[in-house]
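Using the sequences provided together with the hints, build the complete structure.
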Amino acid sequence: MNKFESYYADKFEFKNLDLSLNRIDNALTEAGFNEKSLGSIIHIAGTNGKGSTSFFLYQMLNLSGYKTALFTSPHILKINERISYSLSDISDDDMDNIFTPYQDNLIKNNLSYFEAVFFTAIMHFASKSPDFTILETGLGGRFDATNTNLINNKLCVITSMGHDHAAYLGNNIYGIINEKLGILRDNSTLILAYNKPFVLEYIKNTVKNKIKFIEKDMIISDKDYPYPYNENYTTSSYIYKLLLNHEFIYNTELKLPPCRMEKLGNVILDGSHNMSGILKIKETWKKQNISAVIFTVTNDRNIENTAEILKQVSHNLIVTTLPDNIRSIKEYSKNDIVFIQSPVEAIIYAKNHFTGTILVTGSFYLCAYIKEYLNGSRNEI
1373 MNKFESYYAD
1383 KFEFKNLDLS
1393 LNRIDNALTE
1403 AGFNEKSLGS
1413 IIHIAGTNGK
1423 GSTSFFLYQM
1433 LNLSGYKTAL
1443 FTSPHILKIN
1453 ERISYSLSDI
1463 SDDDMDNIFT
1473 PYQDNLIKNN
1483 LSYFEAVFFT
1493 AIMHFASKSP
1503 DFTILETGLG
1513 GRFDATNTNL
1523 INNKLCVITS
1533 MGHDHAAYLG
1543 NNIYGIINEK
1553 LGILRDNSTL
1563 ILAYNKPFVL
1573 EYIKNTVKNK
1583 IKFIEKDMII
1593 SDKDYPYPYN
1603 ENYTTSSYIY
1613 KLLLNHEFIY
1623 NTELKLPPCR
1633 MEKLGNVILD
1643 GSHNMSGILK
1653 IKETWKKQNI
1663 SAVIFTVTND
1673 RNIENTAEIL
1683 KQVSHNLIVT
1693 TLPDNIRSIK
1703 EYSKNDIVFI
1713 QSPVEAIIYA
1723 KNHFTGTILV
1733 TGSFYLCAYI
1743 KEYLNGSRNE
1753 I
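The numbering used here puts the first residue of the sequence shown at 1373, with every later residue one more than the last.
Check each hint, because a few of them may be wrong.
As the list claims (entries may be wrong) - Pair ranges (Cβ atoms, derived): (1) Asn1521 to Gly1748: 41 to 49 Å; (2) Asn1521 to Ile1583: 17 to 25 Å; (3) Gln1660 to Gly1748: 39 to 47 Å; (4) Lys1568 to Phe1711: 43 to 51 Å; (5) Glu1619 to Ser1392: 38 to 46 Å; (6) Glu1625 to Asp1465: 22 to 30 Å.
It should be emphasised that the hints constitute simulated quantities derived from the structure, not laboratory data.
Small disclaimer: the values here were computed from a predicted structure and weren't measured.
Glycine included, C-beta positions come from ideal geometry on N, C-alpha and C.
Dropping the structure here:
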């Protein structure tokens, strides 16, 4: 555990969340940050697809010889995954080398966990002078730390839109779209990934920025990425061409982010953090002979709706929890669904009762937990 993790160990990501840019703006100003140190900046928001779109683009640019940085969230196994440069995650030593001299700054400005990770990423990237920096939003857009007022010259991207984080963004889809559009600056070009027609129409009528739309017939479907990742690959390829004025030459080294369609033996890890994502999970796996599905939800999600959708993937559903996560459901009781509190016991149960493929979904944290167990780095029940 590095010094950053030690300090922020009890400062949970969504605890005492106060939506404001003042803290991160002040911290970066006091640190002497200048956006020119990040090269060309690409800012990506959206409800679904922003993580894999960011990851695809990050790989494309690096594999083409450009020094590229990526800030993303959440991490799967280790916080270092959120801060990457030239296809390598930041080391513990590099995190400590930033956290130690700036610790007083972070404390003085009362940065949240997410803000502090972002601050660390920005200062790390600035020291590398990348050609490109890709910033994936965490929550919403307008008040997300990645939308700091110290970064204004950027290409903006919005991926698939839907409902998410209702407690912070509300349930009105147009209000959610407005939050995502909050990343735009007056001079920003917006790349809008394929979306439902009403989303496209609303954005066209709302913003004055130059917009480049990705239409359905533009989606690339001849690569190794099934729905929905072919849409995200298409968006990344489009951004790449806009930045460099030529097509990306497909490279077999290009891969999906961790816990996206990741297969470990007869277990598939395919995380999803909201209802729109669960619907895409259903479309991806409903015809793939899945023997059982293990999933969980946080206590602000509708577990009944999630279960009904996942029953179209498999009738054998197992609900579990997220250990040490204060937002996790604690119990669930329904006759046709098995509840097992421990994720490890849940995967053991599934392996003992079903011979076919087991799908783990509903939370990237759950996928990470089970991945650690399957890889032998987590033994506790």
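Here's how the hints hold up against the structure:
The hinted range of 41 to 49 Å is satisfied by Asn1521 and Gly1748, whose Cβ atoms lie roughly 46 Å apart. For Asn1521 and Ile1583, the Cβ-Cβ distance of about 23 Å falls inside the hinted range of 17 to 25 Å, so the restraint holds. Checked against the hint of 39 to 47 Å, the C-beta distance between Gln1660 and Gly1748 comes to roughly 27 Å, which is inconsistent with it. At roughly 35 Å, the beta-carbon separation of Lys1568 and Phe1711 lies outside the given 43 to 51 Å, and the hint is violated.
Take Glu1619 and Ser1392: their Cβ atoms lie about 41 Å apart, and the range 38 to 46 Å holds. For Glu1625 paired with Asp1465, a C-beta distance near 27 Å keeps the hint of 22 to 30 Å intact.
Comparing the model with each numbered hint stated earlier shows that hints 3, 4 do not hold.
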